[in-house]
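Residue numbers (my numbering), protein chains in the order written: chain A, 111 to 875; chain B, 2 to 161.
If you're looking for bench data, these hints aren't it; they were derived computationally from the structure.
Careful, some of the hints might be misleading.
Said to hold, decoys possible - Short derived list, chain A residues pointing at chain B, Cβ under 8 Å:
#1 LYS130
#2 ILE357
#3 GLY362
#4 SER394
#5 GLY602
#6 SER798
#7 PHE799
#8 SER806
#9 THR807
#10 PRO811
#11 ILE816
The C-beta atom is built at its ideal place from N, Cα and C for all residues, glycine as well.
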Amino acid sequence: MERELSVVGKRLPRIDAPAKVTGEAKYTVDIKLPGMLFGKVLRSPYAHAMILKIDKSKAEKLPGVEAVITSEDIPVKLFNSGLTDLLVPEEIAKNDPRDQYVLSNKARFVGDAIAAVAARDRKVAEAALDLIEVEYKALPAVFDVVEAMKPGAPKIHDFANGNIARHISFPGAIGDIEKGFQEADVMIEETFNTTKQLHCPLEPSACIASFDSIGRLTVWSPTQLLYLARHKIADIFDIPEGKIRWITPFVGGSFGNALTLRAEPICIALARKTRKPVKLEYSSEEQFIATQSRQPFTIAVKMGVKNDGAITALQGKLTANSGAYYSLSGTTTNVCMAMFATLYRCPNVSVEADIVYTNIPISGGYRGYGNPQAMWALEQVVDVAARRVGMDPVEFRLKNYRRAGDPGWTASLPIESCALEECIKLGMDKIGWREKMGGTKEGVKRRGIGMAIQRHVSGTQPMQMTHSNIMIKMNVDGSADLMVSGCEMGQGMFGVLAQIAAEELGLQIGKIHVVNGDTDETMFDDGQHASRTTYVIGNAIIETARQVKQQLLERASKILATRVDDMYVRDGQIYVRGDLENKISVEDITRRATYNFEGQGRNIAGKCSYVPKGNPPPYSAVFAEVEVDINNGATKLLKIVFAHDIGRAINPTNVEGQLEGGVMHGIGYALTEEYMVNGNNGVVESDSFTNYKIPSTLDMPNVEVIIVEQPTPSGPFGAKSVGECGLNAVAPAIANAIYDATGARVRDLRITPEKILEELSANIL
Amino acid sequence: MSKEIARFTINGRECELLIEPCTSLLEVLRDHLELTGTKSSCGVGECGSCTVLIDNKPQLSCLTLAITVQGKNIVTIEGLASGNNLHPIQQAFVDCGAVQCGFCTPGMILTAKALLDDNPNPSRDEVKEALSGNLCRCTGYVKIVDAVLAAAQIMKKGGA
Chain A
111 MERELSVVGK RLPRIDAPAK VTGEAKYTVD IKLPGMLFGK VLRSPYAHAM ILKIDKSKAE
171 KLPGVEAVIT SEDIPVKLFN SGLTDLLVPE EIAKNDPRDQ YVLSNKARFV GDAIAAVAAR
231 DRKVAEAALD LIEVEYKALP AVFDVVEAMK PGAPKIHDFA NGNIARHISF PGAIGDIEKG
291 FQEADVMIEE TFNTTKQLHC PLEPSACIAS FDSIGRLTVW SPTQLLYLAR HKIADIFDIP
351 EGKIRWITPF VGGSFGNALT LRAEPICIAL ARKTRKPVKL EYSSEEQFIA TQSRQPFTIA
411 VKMGVKNDGA ITALQGKLTA NSGAYYSLSG TTTNVCMAMF ATLYRCPNVS VEADIVYTNI
471 PISGGYRGYG NPQAMWALEQ VVDVAARRVG MDPVEFRLKN YRRAGDPGWT ASLPIESCAL
531 EECIKLGMDK IGWREKMGGT KEGVKRRGIG MAIQRHVSGT QPMQMTHSNI MIKMNVDGSA
591 DLMVSGCEMG QGMFGVLAQI AAEELGLQIG KIHVVNGDTD ETMFDDGQHA SRTTYVIGNA
651 IIETARQVKQ QLLERASKIL ATRVDDMYVR DGQIYVRGDL ENKISVEDIT RRATYNFEGQ
711 GRNIAGKCSY VPKGNPPPYS AVFAEVEVDI NNGATKLLKI VFAHDIGRAI NPTNVEGQLE
771 GGVMHGIGYA LTEEYMVNGN NGVVESDSFT NYKIPSTLDM PNVEVIIVEQ PTPSGPFGAK
831 SVGECGLNAV APAIANAIYD ATGARVRDLR ITPEKILEEL SANIL
Chain B
2 MSKEIARFTI NGRECELLIE PCTSLLEVLR DHLELTGTKS SCGVGECGSC TVLIDNKPQL
62 SCLTLAITVQ GKNIVTIEGL ASGNNLHPIQ QAFVDCGAVQ CGFCTPGMIL TAKALLDDNP
122 NPSRDEVKEA LSGNLCRCTG YVKIVDAVLA AAQIMKKGGA
């Protein structure tokens with residue numbers, strides 16, 4: 111019998127919303143400490159240069175300047191600025207190059223951090239930057255991966271021959287790819303390129319660092335990975351980890367941008383040098399050029415298909431542009447390969463990747479984490495394949511997709527649940543697939559529809575170490591403090607986790623107080639990545655809440671003279687089953703437990719360490735309708751229908767919000783966002799919201815979200831994840847719709863009118 | 002640099018400050034008056050996060066020199082609620098799920114207020130047009146537009 115839910119599944123307002131609509135919510139940039147200095151970073155104007163000499167004497171003499179630091183003032187330890195290498199054993203982690211210093215001693219991209227200043231005033235800090243004299247020796251630079259791999263190309267890191275940082279083969283490769291090609295009736299060969307998408311959180315990267323008189327460091331920063339950031343900083347600066355307190359205030363958007371260290375190492379280096387609190391806020395331009403972004407990939411695909419639509423072989427050869435340093439390029443590439451290789455059933459699969467250094471800004475991790483790149487290629491190849499064998503692209507997908515019981519990423523963890531068919535059915539009806547497929551073939555403005563699917567993860571089990579540690583402490587008024595290490599960056603974790611806690615504890619939502627990520631108050635969690643929070647932390651909260659509930663019921667059982675098993679908690683009251691009059695409030699129990707004059711005193715509380723048992727993948731089906739002007743190539747996106755397999759929506763409004771936002775990133779990826787680097791000097795031209803166009807209200811079509819709820823067995827109340835899913839398959843759905851409308855197949859992001867016209871003229875010739 | 006006196010009304014209170022003439026209104030609000038609800042993002046007038054109302058018109062405080070608002074009436078997000086009662090637009094943002102990270106929210110709400118004061122019954126397209134200078138990277142704007150339309154209905158019924 112399905113349990114009746116009173117909090118979960120409700121469209122409750124987010125618990126952090128009142129603070130955010132009144133201006134009360136504090137972000138890192140809003141925090142001010144007494145005596146705080148302001149930091150500024152000097153960045154390389156060269157894409158590739160030796161640093162021969164730095165004279166900081168003039169800057170040091172400027173009144174108000176408290177410190178000027180260069181690579182000579184900071185730890186000499188090389189590190190990887192991505193944080194998730196800490197989640198795999200050292201023998202695996204060491205395969206990812208550690209290639210960065212806090213401040214660089216050789217410039218490898220325009221914007222590489224060379225020196226930094228701390229001053230009593232922002233303007234003084236800025237003025238001091240101009241007084242630092244750096245003597246550079248410019249070196250030849252390379253921005254394109256093909257050029258970078260050629261013999262004689264400029265060498266960016268000494269250890270990387272041909273600038274290849276790593277070559278990776280997908281470990282889940284199966285069968286015999288050549289045999290698969292031979293068995294095929296139809297071969298499809300296509301090459302795709304993706305762009306370097308920027309996260310563009312509205313809160314630029316920032317950090318405040320302060321050492322106290324006994325050398326204990328407190329850091330405020332908008333990181334997604336609180337404990338991992340602390341662990342890495344402890345290692346870089348050789349500070350015992352217990353002497354670092356790390357606090358994550360509200361975060362003004364991240365989308366994966368804060369999966370790496372950003373302003374933190376330089377800010378901490380300045381605070382260590384000055385022994386005063388230092389705030390380092392990146393300017394908007396620094397946010398654009400000096401934080402990390404999505405890896406551009408070249409993906410060459412070969413797919414073999416039988417006339418009946420069965421896929422016989424799938425081969426992918428990937429090249430990832432890591433930019434100047436390695437960061438998260440390894441894990442992103444692995445995710446890209448895994449998503450590419452395992453969305454469909456196919457007996458012969460081979461995927462390989464080269465990760466290549468160039469002199470452009472660093473590639474990190476971005477919402478979707480390799481999956482959008484994989485889907486851009488795969489979901490267009492599938493569209494091509496379906497059309498070649500004369501099948502409806504939907505039917506082709508339904509025939510081939512991996513479903514419940516099939517292997518997921520790894521054979522060791524089969525796919526737990528899948529509601530893709532329901533998503534597709536509802537999405538087709540909503541967009542009018544059967545009526546509109548094939549588009550309009552007359553006139554200048556051609557309409558068409560396209561679709562794509564995606565499968566994602568609910569965390570990283572079993573690929574990475576992952577666990578969540580939760581404490582719940584009852585107050586004597588019957589409310590509960592939920593202590594969870596995490597980052598509220600807009601995704602709504604506070605509200606969702608409070609709903610889960612309230613449901614399991616039998617309390618009203620207003621009785622749950624979420625204590626934000628603070629290493630002095632909350633226990634280890636690997637953080638907000640891989641769409642894991644609802645599934646992993648949600649399950650951890652349920653286990654912790656059960657402990658608390660057990661203590662409440664044990665005390666109530668003595669007072670009500672009833673067995674624990676015969677009672678339940680709802681809306682803050684403990685009831686005896688079948689006897690609504692026989693009850694006691696949670697408040698009464700908690701008060702009597704704490705202020706206990708019979709020698710039985712106890713603060714009712716629970717804590718648990720939870721390792722996820724599964725990783726149920728959420729699926730989505732995206733449908734796009736477009737209108738393309740074949741005279742000028744302009745694309746008008748008319749509609750997106752997005753159907754998502756959530757398992758259970760803990761808060762449906764929140765699920766819609768995540769998907770609508772994800773879809774917007776997908777639309778930007780497809781149509782508006784273009785990263786541009788000057789091919790002569792490596793200057794990033796996409797350095798502002800004017801020069802890098804993220805969608806505004808006017809760029810957004812009608813977006814309709816359909817939530818499909820088929821509870822997954824291992825999920826908290828049946829929930830799977832949502833965070834990253836919204837954007838993974840939007841761009842290929844739009845590209846497929848453009849093909850449907852015009853016959854133009856655009857293989858390289860961003861989709862521009864020029865590329866559409868080029869394809870159209872090629873078709874005519 | 003010589004300083005000048007700036008006098009204006011902020012959230013209903015008179016205010017007098019000695020500032021350098023090159024100081025932006027955004028700096029004055031955030032650094033001098035500690036009204037950090039007004040957000041600083043792009044700093045160059047592209048994103049709308051720093052929007053405040055100057056004599057009931059939405060303006061970008063990052064591009065406004067504080068000495069140019071002499072005698073004017075400035076409202077920031079902190080000045081919108083009356084006591085513990087949220088303004089209907091604030092309440093609609095809460096109720097409709099229009100808030101995610103919250104960084105664009107103050108600017109969005111103030112821009113919406115100027116719209117609804119001017120046009121109490123806007124169409125969906127008019128709301129989108131009015132908010133087109135306020136960037137949001139979280140929501141996809143769907144629920145923000147919903148919230149403004151919902152607030153319009155409540156305000157028409159005399160909710161504010």
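Status of each hint after checking the structure:
Residue-level restraint check for LYS130 (chain A) holds (minimum Cβ-Cβ distance to chain B is 3 Å; threshold 8 Å). Nearest Cβ of chain B to the Cβ of ILE357 (chain A): about 17 Å, over the 8 Å cut. The hint is violated. A distance limit of 8 Å between C-beta atoms decides the matter here; for GLY362 (chain A) the minimum to chain B is near 3 Å, and the interface restraint holds. The beta carbon of SER394 (chain A) is positioned within 8 Å of a beta carbon in chain B (closest approach about 4 Å), and the interface hint is therefore held.
For GLY602 (chain A), the interface hint holds, since its Cβ comes within 8 Å of a Cβ in chain B; the closest pair sits about 7 Å apart. Interface restraint check: SER798 (chain A) against chain B, minimum CB-CB distance 6 Å, threshold 8 Å, status holds. Look at PHE799 (chain A): its Cβ gets to within about 4 Å of chain B, closer than 8 Å, so that hint holds up. For SER806 (chain A), the interface hint holds, since its Cβ comes within 8 Å of a Cβ in chain B; the closest pair sits about 5 Å apart.
Hint status for THR807 (chain A) relative to chain B: holds, with the closest Cβ pair at about 4 Å, below 8 Å. At about 10 Å, the closest approach between the beta carbon of PRO811 (chain A) and any beta carbon in chain B exceeds 8 Å, and the interface hint on this residue is violated. The criterion of a C-beta within 8 Å of any C-beta in chain B is not met by ILE816 (chain A), whose closest approach is roughly 14 Å, and the hint is violated.
Of the numbered hints listed earlier, those contradicted by the structure are 2, 10 and 11.
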